[in-house]
Every structure is written in structure tokens, then in C-alpha cells.
Amino acid sequence: MRSLLPILTVLAAILVIWYGAAMKLNAAWTYDQAARAGTDPTFVDVINDTMAQERPVLPPPHQVAKGLWDGLTAQAITSKRSLVWHGWVTLSATMLGFAVGAGLGIVLAIGIVHNRAMDLSVMPWAIASQTVPILAIAPMVIVVLASLNITGIVPKAIISAYLSFFPVLVGMVKGLRSPDAMQLDLLHTYNASGAKTLWKLRLPSSMPYLFASLKVAIAASLVGTIVGELPAGATAGLGARLLSGSYYGQTVQIWSALFAAAGLAAGLVIIVSIIERLVLRRMGAVQ
Amino acid sequence: MKDTLNIAEPVIQAKGVDLVFQTGDGPVQALKDVTLTINRGDFVSFIGPSGCGKTTFLRAIAGLETPTGGQLSVNGLSPDAARRARAYGYVFQAAGLYPWRTIAGNIKLPLEIMGFSRAEQAERVERVLKLVDLEGFGRKFPWQLSGGMQQRASIARALAFDADILLMDEPFGALDEIVRDRLNEELLRLWAATDKTIGFVTHSIPEAVYLSTKIVVMSPRPGRITDVIESPLPRHRPLDIRDTAQFIEIAHRVRDGLRAGHHDEI
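Chains as they are written, first to last, in our numbering: chain C, 1 to 287; chain F, 1 to 266.
If we strip away everything but chain F, and leave its shape as in the complex, we get (with noise of 0.2 Å):
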């Protein structure tokens, strides 16, 4: 089944992106020369330190920053175009759930403003609750919910349209470790289960090396890619896959990239 996705189709490109913010004290320069392609079914980690532009790349991706110069095309269209077609569901640092919605209201809040009748409202939203683990909570309110299961359920929101990308900006920067290495593993499972593309933005190197096909290493002032890596690891990745010398050597080669991305700055 997950031979198709051997055969690289292009989702997302970028080549040569620039990205310059104008500011009070000038401008300042967020992504320099940026070139990379996502692949159909590709789980690609961006790591780096605060300022590298990450969250900017991803946010440039979907369409809510716009590029200064060079391409950057998302399933063949510009950022702007996928937006409007809905081509990918967003998750972002905080589960930003409506308080005065329940866990099912919540789900079903893109499907109201995209239009989907009230019965197939229903059925997506027991579909994706399943999908996250949260079967049974769709009548609570967020604040009855621990902040793991509100990212889930966040999660579970992104999902519900079906839309063939997933693009997460540090979905678990706030959590504990324990829960977040429960949701890296729920979120490997569901990845595997829906076929997605996922572009996910983290500080974490274990959590980069852990989820991703490919590892996206990035520095700060002007932000950049410093490094590419290929994960060698398997699709099908146990916890306890995190004390084989393969993840150790990946996860220090990603050191090395970040290292070398400071060292200019030194």
C-alpha cells in the first residue's frame, strides 16, 4: 500500500524563497534562498532555533505570509490559490479551541464555514474523533479536557475537511514530555492511517528525528536551510526506535546542522 508513495510527486516547492519583514527598525530579513520539495506522503520536520524562520516557512507555505521573492507552489498552485481551495488543515502551537463550543463543535467549525451538510457534519466528526483517540468526549468543553486531549482534538479540527496536507507549528511545544511522546506515536499512527503530507515545525531533536521522513535543519539572521536529511528510519517506528545507534547518528548529525547554523554567529 505504501508503495505508490515510493514514486516522488512533487506537493510542495519552493525555490530560492526570500521572505523580508519591513519593521519599525528596518527590515529584517526572515527566509534567505530557500529551496526544498515535499513529496506526496512526506513527513518533513523544520528544526532550528528561535528566529531561523521556521514558523515563517510554514506560514509562507499556507498562504498567511507571502514571500518576497522566488517561487514557492502548493499542489501546483501559489500559496494563496491552495488556501482557497482548502488544501490543507493548520495546527498551531496552542489547540486555540472555541470555549464556548463543545469538542464536536469545535470539529465542526471549518465544515460549517466550508459548507458541508449538517449529516455529514456529524459522520466526520465521529470519523475524526476516532482518528485522535477522543471517541466519546465530542459533547465536553474544552476546559473539562487535559491540554494533551485539546491538542488532539485541535488536531482532530485540521483533519475533518480531508484536506491532503497537514501543516503543524510546534502542535506539542507545550506539553509535557510523557504526553508528547504519546501524541508523537498517536500522531505516527494517524499519519500512517490517513496518507498525509505533514510539514511540522519543532525545537525538539528526538521529536524531529522521531516523526520525519525527512529533517529540515534551519539557521537564524538571515533564516535558512543549513541541512537536508533523509531519514533512513522506517516508516513503522516503535518508541524504543529512539536507542538504535540509526536514530542516535540522525539525531546527531541534526546537532551538527544546528551547530554549524549558530557558529556564524559566534
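Chain C extracted, bound-state conformation (with noise of 0.2 Å):
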């Protein structure tokens, strides 16, 4: 309970830097509409045509609440109109993405680990993937597999592996060279295989790592989806709802679909948060 003071004061500093942004930012198209229409608006009148426009340049924190319940609830969950729907597009290629990325990480990792070629060729051609942004390389994947008759959820997954093998293999070369010198020695002296080394020492000790990379790995998958959602012709996920909100100006579906994704992505962490705990707990972690 201790904690909750701050979290509540961080909080509501936010809530009133918003609101007063949204002020600010608000009025200046309440005072064209009045001056068009030739009224005088009262300082009350301005404040609160801040707070109800229809397509506000930014929307107070009210207006996108409503508008994230509405999303969420107003109508079936199969509808086009549904954040639900609209999340479960994004979280499935979301998914496949993260699988594949985190597959990949680790199968690279355990290579530069054991070759000595590896080692020396994949980390630099690793590093240099991550520098090329990666809204130049989306557009160019959806429209090469599209050409190659591979649409829906096969280019968003690669988009999104593509972002999220990174941390996993840095974080799981480090892992798997966590063990010491002493705890290899031992297994030279059973005369142990590679194989054998790796996963009876080197796997279970790249654990800790492991879950760390996997936290950053699905959040960055969860990014990678909503930028393979954004090029021309995405019709469904959060992506191609932030796309649409922007081309008509509804700002407030704009931030609905953000805070659909950070609670999305909030989710994600925390799953991968308590298999953490789980795993580590089986494997005798002090708790």
C-alpha cells in the first residue's frame, strides 16, 4: 500500500498536464469556430468546448477513455468497429512473430556460441539489421511477399520477428557464457559432450538472461506487428486503426488504439513476467 502514494501522485500530475495541454491545445479551434460564427465565447464556454470537440487536436483523458470502452465494449467482438477484434489481429501475428524471433535468437545464440565462424560473422550482420529502421524495411516486406501471393499474417510476423530475434540473442550469448571457467572444467573432467555441456550447464544458466531478453523481445515484437499494419492496405489491428484514425482525423480512435496496444503490450510483459517466476522458482531460485 506503501507504494500506492507515488504511483497516485504520478498519476494525477499527468491527468492535470493533460487536461491543461488539451486546454491549450483546443482552443485555438474554439475561437475560430466562434469567430467565424461572430460570437464573443466566455472563458467557461472555451474550457468546456475544449473538452467535447469531436476532433480534438488532442484529446483530454475522458474522451479517450470513453472511447477505448467504447472500442472494447460497445459493440460484438467480432465487429470491424472492435478494439477486441482489432487486438486479437495484432496479438495473433504478435504472437507468431515473437515465436519466431525469440526461436531464431536463441538457434543464433547457440551457434555464435559454439562456432567459432559464427561467432565472428552473425553479431555484426545482427547489429547492422537493427540499424536500418524499421519503417523502411516493412513497407518493402509486405509488398514483396504480397508479389509472391503471401498476405495477412505472414509478412506482420517477420516484421515483428525480425525486431524481436535481437534481444534474445544478445541477451542469450551472454546467457550461454555465463558459465566459469571452473564449471566447464568440471565438465571436461566428466568428459562431457558439447551437447551434453549445453544442456545441462549452459541452457539452465542462460535462464535469468533468457526472461530478461524475452520481456524486451515481445514488446518489440508487439511494435514490430503495429508498423507491419501500417502500409497501405492493412484493414484490421491496432495499426491499421491508428492508420485510419489518422487519414479521417479521429484523434480520439487514434489514442484509443495506442492505449489498446501499451495495455496490450503491459499484458504481454507480465505474462512473460510470472512464467518467469514459475520457471525460476522450479529451478530453486531463492524467493
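There may be inaccurate statements among the hints.
[What the hints assert, rightly or not] Selected chain F positions facing chain C (in silico; Cβ < 7 Å): (1) LEU64; (2) ALA81; (3) TYR90; (4) PHE92; (5) TRP100; (6) PRO110; (7) ILE113; (8) GLY115; (9) PHE116; (10) ARG118.
[What the hints assert, rightly or not] Among chain C residues calculated to face chain F with C-beta under 10 Å, some are: (11) ILE47; (12) ASN48; (13) SER178; (14) MET182; (15) HIS188; (16) ALA192; (17) PRO204; (18) SER205; (19) ARG282; (20) MET283; (21) GLY284.
Don't read these hints as lab results, they were simulated from the structure.
Just so it is clear, the structure is predicted and the values come from calculations on it, not from any experiment.
Note that CB positions come from ideal geometry on N, CA and C, so glycine has one too.
Make one complex out of these two single chains by using the hints.
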């Protein structure tokens, strides 16, 4: 309970700043409309108007909350207007991309640790891959795959995997190399093979590193999927929702989709944290 | 029962072993012209200041380092062939138990790698836990045990697969003296019960004299043997043997050997 006060304080501060900014940014439109109508609004009129515009520059918190709530509950979850449906479209591609990305990261890390040629060659490419802006790559992936008649979940998952393999790769290389010389010597005295060393020592030692990486990777997966939904053509998913919101100036829709994405990301990270705790507890970690 | 052990049967033989490490600052001679024979059932201590090559020599016996000159054989094989034949159990200075495995799980580690059946693994775990006086602790995790108990578990792990040779690199170096005395006594009891050949690295004179049938005194730069003392003490040794004149005399000779080795440097 002691941690509640600081959290609420920060939340209150954010809301105050948010409301203040909404009033300031939306007031221009209010004065503009009043000037055209030839009226002279009072200060209270202006405040009231900035809180309830249809297309505000910055929607105030209660409008976003209502937009989010309506998006989640106002229609059947199979409706194309439902944020649950869009969220599911994004989530499914995220999960596929995360699974592929995490798997690829682990496999590459095992290769790097066991093979000198891979150690020298893979890492620079992996780092280079992350310096290319994802926004530049995503449309190319979508277009190239679409020309091969691959559409739907797969292109998005590939972009998602492209972002998520990297943190797993870096974390796992570090984790697989974490056993000290003495631990490796011990297995050497048993004449243990490389595969046995990997299975009995390196992989268990890498678990804390793996989970730290997975938390970063799953959030990156979601970002990758949303970016993959932005290029023209996508009609479903939180990314598409963001895009159509910006096409039509539906700022409330944009912000609702943003918050839905943030909530989804938080939920995914929490799920990874719970799995982490269960696994590490099974591995005898002090709790 | 011990009579058979009096017939000298060499297990580890070193003839003129040299070992040079190539480092960034140029070559370092870790071992120079080391010649030594260890017989079956011997308890051999290697004592000397740090940098005298005692650990390096033990690691060379284990095939973890490769001599650059001379001959070294273990059970009549090269150290590397002996390692592949799993000729020895090795106990390191730190217990090095896997924190994610229980004590029993840790002892099973070499057995799993060597392909023992599940039933045999369980049976052996019970047996060695009894040997090191840790019955009933199999299900505990390492962090639930004291440092001394963890080191006993690591000795049990080295005993589990029935190697004839036990190589121990300052196994009690990190423990306090009270625990150390107790573990020394237990180690002697264990040695008597199992007929192992033991190579033991230490930097404690009383520990070396109390445990060993043969004390190898080494000196640094380059690492070499300055004295080999065949202990006249009986194989059965109560802790208070350390107050006898004979014990003190041997300890004195070890100290002289160490001082002689240091002399060249000053």
C-alpha cells in the first residue's frame, strides 16, 4: 500500500498536465469557430468546448477513456469496429512473430557460442540489421511478399520477428557464456560432450538472461506487428486502426488504439514475468 | 586389508614434466622438471606458496592442462586418455554446485552425463550421501546448506562414479578452521573406507601433514619440487595426533622445505 501514494501522485500529475495541454491545444479551434460565427465565447464556454470537441488536436483523458471503453465493449467483439477484434488480429501476428524471433535468437546464440565462424560473422550482421529503420523495411516486406501471394498474418509476423530476435540473441549469447571456467572444467573432467554441456550447464545458466530478453522482445514484437499493419492495404489490427484514425482526423480513435496497444504490451510483459517467476522458482531460486 | 596397499603400484607417474604458459608478457614457466610417482592408495599433498605450480600440476594430471615437456601418465595412459576414461573425480576450491539442482540432482550430474540408469543413479546418490554424512539432505537446494556441507556434497559428486583417483584443489581453502578440522577427519575416514588414491593441493602445513602419506613441497618461479616427505605417521590418525612430537617434526621439515624454496628469490 505504501507504493500506492507515489503512483497516484504521478498519475494525478500526468492527468493535470494532459488536461492543461488539451485545453491549450484545442482552444485555437474553439476561437476559430467562434470568430466565424461572430460570437464572443466566455472563458467557461471555451473550457467546456475544448473538453468535448469531435476532432480535438489532443483529446482529453475522459474522451480517450470513453473511446477506449466504447471500442472494447460497445459492439460484438467480432465487429470490425471493436478494439478487441483489432487487438486480436495484432496479438496473433505478435505471438507468431515473437515465437519465430525468440526461436531464431536462441538458435543463433547457440551457434555463436559453439562455432567460431558464426561468432565472428553473425553478430555484426545482427547489429547492422537493427540499425536499418524498421519503417523503411516494413513496406518492402509487405510488398515483396504480397507479390508472392503471401498476405495476412505472415508478413506482419516476419517484421515482428525481425525486431524481436535481436534482444534474445544478445541476451542468450551472454547467458550461454555465463558459466565460469571452473564450471566448464568440471564438465570437462566428466568428458561431457558439447551437447551435454549445452543442455546441462549452458541452457540452465542462461535462463535469467533469457527472460530479461524475452520481456524486451515481446514488446518489440508488438511494435513490429503494428508497424507491419501501417502500410497501405492493412484493414485490420491496431496499426490499421491508428492509420485510419489519422486519415480521417479521428484523434480519439488514434489515442484509443494507442492505449489499447500499450495495455496489450503491458499484459504480454506481465505474462512473461509470471512465467519467469514460475520457471525460476522451479529452478530453486530463492524467493 | 590394507596390506595389499603396501605393494607399491604406481598410478600417476611424472618424469621431467615441464609446462610453459604463453602469456601476453611472454612465456611463464609454471612447472620445471617435475618428477614424481604416486602409488595406489597414496594420499599425496602438494604444498607451496601461490605460483608454485601445485594447482597446475594437479590440472596437468587431470588433463586440464597439457605439459610442454617430459612424460606424465595416469593409470598407464596419457592424462587426456585417462580423463576420457573417467579415471578421476575432481574437487575444486569452490563447491560449484548448480543452484538449479538439488543436492541429489547435483550428485546425479556426472552419472547422467556418463549414462548410468535411473535406478543406479538413485542408489549411488544414497551411497555417497551416506559416505559424506549428508543423509537426508538430497532434496535440499545448495543455498539451504552451509559452505562446509556444500563442499561435502561436491566431494560426494566426485565420488559418485567410482573413479579410483580423487584430485582435490584446495577443497577446504575457503572454510573456517573448525569446519576444516572436521572435514579433514572425515576425509581421512572416507579415504580409509574407499581405498582411493588422493592428490590434494593445500597451502596449510598442518592440513598437509595431518592428511598425507606423502607430502610434496613445491616452490615458485619456476614451479618445481623441493622436497618429498614420506610420512611416518600411521594411516589411522586421530585429530590429536597433531600434538605429537613426530607430527611437529614433519611440520618442521615441511616449513624448512618451503623456506628453502623461497630462499632463491630473496
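### Query
Going back to the hint list, which numbers does this structure go against?
Of the numbered hints given earlier, those the structure breaks are 2, 8, 9, 10, 11, 12, 13, listed in rising order.
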